[in-house]
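Those protein sequence lines, which keep their order, are chains E and L. Using the working numbering, read the first sequence as starting at 1 and increasing by one per residue. Using the working numbering, read the second sequence as starting at 1 and increasing by one per residue.
The set of hints was computed from the structure by calculation and includes no laboratory data. Ideal Cβ placement from N, Cα and C applies to all residues, glycine included. Watch out, some of these pointers could steer you wrong.
To give a feel for the contact side, a few chain L residues facing chain E, derived at Cβ under 7 Å [claimed, not checked]:
hint, residue
1, Gly117
2, Met120
3, Leu125
4, Gly126
5, Val136
6, Pro139
7, Thr190
8, Tyr216
9, Pro217
List time: in silico BS3-like cross-link candidates among lysine-lysine, alpha-carbon distance up to 30 Å [stated by the list, open to error]:
hint, chain 1, residue 1, chain 2, residue 2
10, E, Lys82, E, Lys23
11, E, Lys83, E, Lys142
12, E, Lys23, L, Lys115
13, E, Lys23, E, Lys169
14, L, Lys158, L, Lys14
15, E, Lys169, E, Lys193
16, E, Lys251, E, Lys193
17, L, Lys115, E, Lys142
18, L, Lys158, L, Lys208
19, L, Lys8, L, Lys208
20, E, Lys31, L, Lys115
21, E, Lys239, E, Lys251
22, E, Lys83, E, Lys23
23, E, Lys82, L, Lys115
24, E, Lys23, E, Lys241
25, L, Lys14, L, Lys176
26, L, Lys49, E, Lys82
27, L, Lys49, L, Lys115
28, E, Lys83, L, Lys115
29, E, Lys251, E, Lys23
30, L, Lys176, L, Lys158
31, E, Lys169, E, Lys31
32, E, Lys123, E, Lys142
33, E, Lys123, E, Lys82
34, E, Lys169, E, Lys83
35, E, Lys83, L, Lys49
36, E, Lys31, E, Lys251
37, E, Lys142, E, Lys169
38, L, Lys14, E, Lys142
39, E, Lys23, L, Lys8
40, L, Lys115, E, Lys169
Each chain is listed here by its residues.
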Amino acid sequence: MSEQQNREKTDEPVLRIRDITKKYGENQVLKGVSFDVQLGDTKVIIGPSGTGKSTLLRCINHLDIPDNGQVFLNGHEIHGSKKDISTYRRQIGFVFQDFNLFDHLTALGNVMLGPVRVLNMSKADARDLACVELERVGLREKADLYPAQLSGGQKQRVSIARTLAMNPKLILFDEPTSALDPELIGEVLEVMKDLARSGMTMVVVTHEMGFARSVANEIIFMEDGRILEEGPPQEIFYKPKLERTRQFMRKISELYGKEDNP
Amino acid sequence: MVEFEFFKEVILPKLAEGSLMTVLLIVLSILPQVLIGILIAVGRVYGNKLVSRLSTAYVVFFRGTPLLVLLFILYYGLPTFGIYLPPVVAAVMGFSLCGGAYQSEYVRGAIQSIKRGQMMAALSLGLTRSRAILFVIIPQALRRALPGISNEITYLVKYSSLAFMVTVIELTGAGKIIAGRYFIYTYVFTLIAAVYLVLVSIVTRLEKHLADRYRYPGIETGGH
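With the hints as constraints, model all of the structure from the sequences given.
Now the structure itself:
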């Protein structure tokens, strides 16, 4: 892993989404969302609860199928049969708010499952790979513990290792620290910062403003199923164009403290 | 009272033969019963509309009709269509089909108790739905369903006696023949009750063994 990766943009973004809409019953959750993510970018999505941020992430890898709009991964549109969609999904990491580790498998087993059952890797190779990925999140010595024996922060780090084992083109993080006790948040953010530094392409939904300010290349402010404003952290934090963004930033810093999280 | 010689020479061989047949019926029925249970449960929870409805219909039919009637149909009814099943086959089929319907309810309950996130995480790794069911959902569901599955097998031990109604000389049947011939009902059927009790105890021990073997932290599938 090289240090700070060259931010030179290739012409094809890793992820390009266009006019995604999604409706649950009468509730129009997404009202046409578009953005691009370039190789090595960390994009942070912020906004009030219930504005469709999580739905947007799930639509990106088709855990929820969008009603309209397109998602392109390295220029290839994600669509087709269920099998085709699985092929896309394996290239897109997903880290859930509540971890969703497989309860019946050890940390090692969790990380091995994808390589063995999706990439058809031999168990021995998958074990080696899983050990490397667990090492990367600092949990090599917890390999034989089950999810119920791990702390929340450790669970989330295992789930990041599980995703890394698939060697994804980008990783989507859905409020990865929201279910954690405050003292466990730091260890997860630390792993994510390392990933960003190593050049991993990431889209992160979070309320951690410290993380957003120090790691994001760009911040997207979403409300009511739409992107209201997007720009580099300095702009969104200190001189947002919209009054609504300013209001939200003020409220969130009151709620979560001045951005002095690790 | 019955002489020991008589017990050893006459009663014991007959009951032993019958017990062996009972064990055979049970052993042959367990696997198909559990497999049918898993398939029907998966069909109901994850199948498309058609599969889900067919699976539900299966359960409605086999839970809603008496096992004895099913056995009569299989053994005495099917010959009408030119299908002649040997008695043991008819009995095992009946036990599997009917028990499978009950087993499916235990498995379905277990599947539905698994958090949605487990499936989402599996899909997000790129597993197809069927692989996610196979490698993530089923292993967890079976551990949770184990007490129910084992419960149904203890029923199986006892309703295996219905095989006698389609001419299989299993334990109860053997007992009835010998008890009737020598008019020693209380004696024979007390012995038989004891044998069933032992068989059920074995099932319970097996359940505990499996629960211990496949226990994982966070789920308590059996005693400590």
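Against the structure shown, which of the earlier numbered hints fail to hold, in ascending order? Violated hints: 7, 11, 19, 38 and 39; rest satisfied.
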